[in-house]
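Colleague: Sequence:
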Amino acid sequence: MQFTPLLLRSLLECVRVIDNDPDLAANYLIRIRESTSDYGDPTERMAFYFAKALYSCVSEHHQLCSTSYNSLTSLLPEELTLCYKDVNASCGVNESRIDVF
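So for the sequence shown, UniProt numbering puts the first residue at 1; every next one is plus one.
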């Protein structure tokens with residue numbers, strides 16, 4: 001396969017950007033999967049399966065982030081205030097100086 005170094009560089013680039021820009025990584029991974037096959041030569045199959053696994057990680061990362069955000073936004077104001085106070089107390093912040101909602 002002539003584009004073996006390109007496949008490997010593309011996978012490495014995905015790994016580099018996956019935390020900072022998961023959407024960009026997902027786009028790279030989709031293109032890699034479209035240009036490879038699980039029936040190709042060993043390098044092509046490796047790229048196909050690595051891209052599939054990395055895409056799964058990106059999807060899972062998005063799901064965890066949206067779940068965390070949704071659970072945070074569903075808190076009652078009183079619960080959010082208690083969480084805020086607990087975090088500040090654990091960091092050593094004096095509660096008497098905190099203006100709460």
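The set of hints was computed from the structure by calculation and includes no laboratory data.
Heads up, the beta-carbon is just placed ideally off N, CA and C, and yes, glycines get one too.
You may find that some hints are simply not true.
[Stated by the list, open to error] Calculated cross-link-like contacts (lysine to any residue; reagent style SDA-like; alpha-carbon spacing at most 20 Å):
1. Lys52 x Arg9
2. Lys52 x Leu12
3. Lys52 x Val17
4. Lys52 x Ala26
5. Lys52 x Asp38
6. Lys52 x Pro42
7. Lys52 x Asp41
8. Lys52 x Thr4
9. Lys52 x Ser10
[Claimed, not checked] With beta-carbon atoms standing in for the labels, derived distance ranges:
10. Asp19 x Tyr39: 28 to 36 Å
11. Asn20 x Pro42: 26 to 34 Å
12. Asp41 x Asp19: 13 to 21 Å
Colleague: Checking each numbered hint in turn, tell me which of them this model violates, lowest number first.
Modeller: Violated: hint 12 alone.
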